[in-house]
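Undergrad: In case you want the letters, here they are:
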Amino acid sequence: MEFLNWLQNLGRDASPAPGFQARPAYVLVSVFLPVLVGLTVGYTLKLIERVLGVELGKGGGH
Amino acid sequence: MSAGDFLLDIGNFPYLALFGLVVGALGGFFGVGGGFLMVPLLNVVFGVPYNIAVGSDLGQMCGMSTAATVRHMRFGNIDFKLGVLMIVGTASGVELGAQVLELLKHVGSVSLLGRQIDTMTLVMSLVYVALLVFLGQAMVRESLRTMRRAAGQTRLAAEEPASTAVVRLRTVKLWPMVSLPASGIESVSLWVILGIGFATGFLSGMLGVGGGFIRMPALVYILGCPTVVAVGTDLFEIMFSAGYGVMTHAFKGNVHLVLVLALLVGTTVGAQLGASYTRRAGGPWVRFGFGCLAFVGVFMVVLKLYLKLLH
Chain B
1 MEFLNWLQNL GRDASPAPGF QARPAYVLVS VFLPVLVGLT VGYTLKLIER VLGVELGKGG
61 GH
Chain X
1001 MSAGDFLLDI GNFPYLALFG LVVGALGGFF GVGGGFLMVP LLNVVFGVPY NIAVGSDLGQ
1061 MCGMSTAATV RHMRFGNIDF KLGVLMIVGT ASGVELGAQV LELLKHVGSV SLLGRQIDTM
1121 TLVMSLVYVA LLVFLGQAMV RESLRTMRRA AGQTRLAAEE PASTAVVRLR TVKLWPMVSL
1181 PASGIESVSL WVILGIGFAT GFLSGMLGVG GGFIRMPALV YILGCPTVVA VGTDLFEIMF
1241 SAGYGVMTHA FKGNVHLVLV LALLVGTTVG AQLGASYTRR AGGPWVRFGF GCLAFVGVFM
1301 VVLKLYLKLL H
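Respectively, the protein sequence lines represent chains B and X.
The numbering of the first sequence is my numbering, which starts it at 1 and goes up by one.
The numbering of the second sequence is my numbering, which starts it at 1001 and goes up by one.
Pulled out of the complex, with its shape left as it was, chain B reads as follows:
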């Protein structure tokens, strides 16, 4: 919950106005949050497949 509040507060700065400039932290988190989650999920699934010897569905992405 703390983390969600932090994300919510970080996004509060994303308010458009003439000459609006997003905070660097907001832009960086916007890009790196999905990439980190994706890498974590991808490698976790690979590990599960290797350990259990099964092939899980390839999932979406398109």
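Simulated from the structure, these hints should not be mistaken for lab results.
Note that the structure is predicted; figures quoted are calculated from it, not measured.
All C-beta atoms, glycine included, are put in the ideal place defined by N, C-alpha and C.
Treat the hints loosely; a few may be bogus.
To be verified - To give an idea of the chain B side of the interface with chain X (calculated C-beta under 7 Å), a few residues:
(1) Leu4
(2) Asn9
(3) Val31
(4) Val37
(5) Val41
(6) Ile48
(7) Leu52
(8) Gly53
Stated by the list, open to error - Label-pair distances were calculated between CB atoms; the ranges are:
(9) B:Asn5 x X:Leu1174: 24 to 34 Å
(10) B:Tyr43 x X:Trp1285: 30 to 40 Å
(11) B:Leu39 x X:Ser1179: 29 to 39 Å
(12) X:Thr1171 x B:Val51: 40 to 50 Å
(13) X:Ala1199 x B:Leu39: 26 to 36 Å
(14) B:Val51 x X:Gly1047: 40 to 50 Å
(15) X:Val1302 x B:Pro24: 32 to 42 Å
(16) X:Gly1047 x B:Asn5: 34 to 44 Å
(17) X:Phe1080 x B:Ala25: 36 to 46 Å
(18) X:Pro1014 x B:Ile48: 20 to 30 Å
For chain B, the structure is supplied; the task is to place chain X on it using the hints.
TA: Okay, now just chain X, sitting in the frame of chain B:
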């Protein structure tokens, strides 16, 4: 409205994750990302403005395609040279699409049937209706044709022949020419690759879709890529186009971080569930169901627009 002004109740996080799970499961089941269902449904069901739905969905898509690319890399199905070349065209297209959406965001409202309606909502709803009708009818027709073939009512054909115009694009000799050994392509104009990237990038930037439904056939029929390489390269490409898309939309204040996280949590689990169940269902029936689902999306978008005009 920007992500900073759109206050999302954090208590809705589980519902958004559940929504992501359902759309992710449908996407995984039907073998697509589901972006073209995600954006209009976020607007219709949760009232998320289109610009924020597009920016946040691109974040979700970036995470999903990163996970899928990690898993595809071990199969060696990615043509990295093709992917990197296409990124140039894709990035330009994403930027133009995002700028068009930004323009719509600031246009204000228009009068329709004596009522004021937000221009962005009106234009995006109509574009989505057109897109969903196009995709829905294409999938329903293709699946019915395949089912009839399986029943022996029409002659069997391994592949539908590509149209002459499409094949002609493959033979364009406009300098510079590049070779793509990983895809078994001796020579193709760089402009054709950039053009494919640009077109799909524009759709990504404006509509928040991955564009796989255009890029995949383009890679196979126009460039002549083997299908497995087209799938892997498409995922690699989406990872960068969605990554660039989420960055440019973040600069415009269109990315809602809590929404991105909720969708990511739901779709990553849902996509695995959906993909597992696909194996138990027949391919043509899956595509037929997906086509029908697109028409349900059309109905919901039109209904929301109608109700907006009423009140």
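Undergrad: Are the hints correct? Go through all of them and say.
TA: Status of the hints after comparison with the structure:
Annotation: interface hint on B:Leu4 holds; nearest CB of chain X at approximately 5 Å, less than 7 Å. For B:Asn9, the interface hint is violated, since its Cβ never comes within 7 Å of a Cβ in chain X; the closest pair sits about 10 Å apart. Residue-level restraint check for B:Val31 holds (minimum Cβ-Cβ distance to chain X is 5 Å; threshold 7 Å). Annotation: B:Val37 was flagged as interfacial toward chain X, and the flag holds, the nearest CB pair being 5 Å apart, inside 7 Å.
Of the supplied interface hints, the one on B:Val41 holds, with its beta-carbon coming within about 4 Å of a beta-carbon of chain X, less than 7 Å. Nearest Cβ of chain X to the Cβ of B:Ile48: about 10 Å, over the 7 Å cut. The hint is violated. Violation of the interface hint for B:Leu52 is found here, the shortest Cβ-Cβ separation to chain X being roughly 13 Å, above the 7 Å cut-off. A least Cβ separation of about 15 Å between B:Gly53 and chain X goes past the 7 Å threshold, and the interface hint is therefore violated.
The hinted range of 24 to 34 Å is not satisfied by B:Asn5 and X:Leu1174, whose Cβ atoms lie roughly 54 Å apart. Between B:Tyr43 and X:Trp1285 the beta carbon distance is about 34 Å. The supplied range of 30 to 40 Å therefore holds. Roughly 32 Å separates the CB atoms of B:Leu39 and X:Ser1179, a value that falls within the hinted 29 to 39 Å. The beta-carbon spacing between X:Thr1171 and B:Val51, approximately 49 Å, falls within the hinted interval of 40 to 50 Å.
Take X:Ala1199 and B:Leu39: their Cβ atoms lie about 29 Å apart, and the range 26 to 36 Å holds. Judged by the Cβ atoms, the range 40 to 50 Å given for B:Val51 and X:Gly1047 holds: they are separated by roughly 43 Å. Checked against the hint of 32 to 42 Å, the C-beta distance between X:Val1302 and B:Pro24 comes to roughly 41 Å, which is consistent with it. Roughly 21 Å separates the CB atoms of X:Gly1047 and B:Asn5, a value that falls outside the hinted 34 to 44 Å.
Range check, X:Phe1080 to B:Ala25: about 31 Å between beta-carbon atoms, so the 36 to 46 Å window is missed. Evaluation of the 20 to 30 Å hint for X:Pro1014 and B:Ile48 yields a pass: the beta carbon distance comes to about 24 Å.
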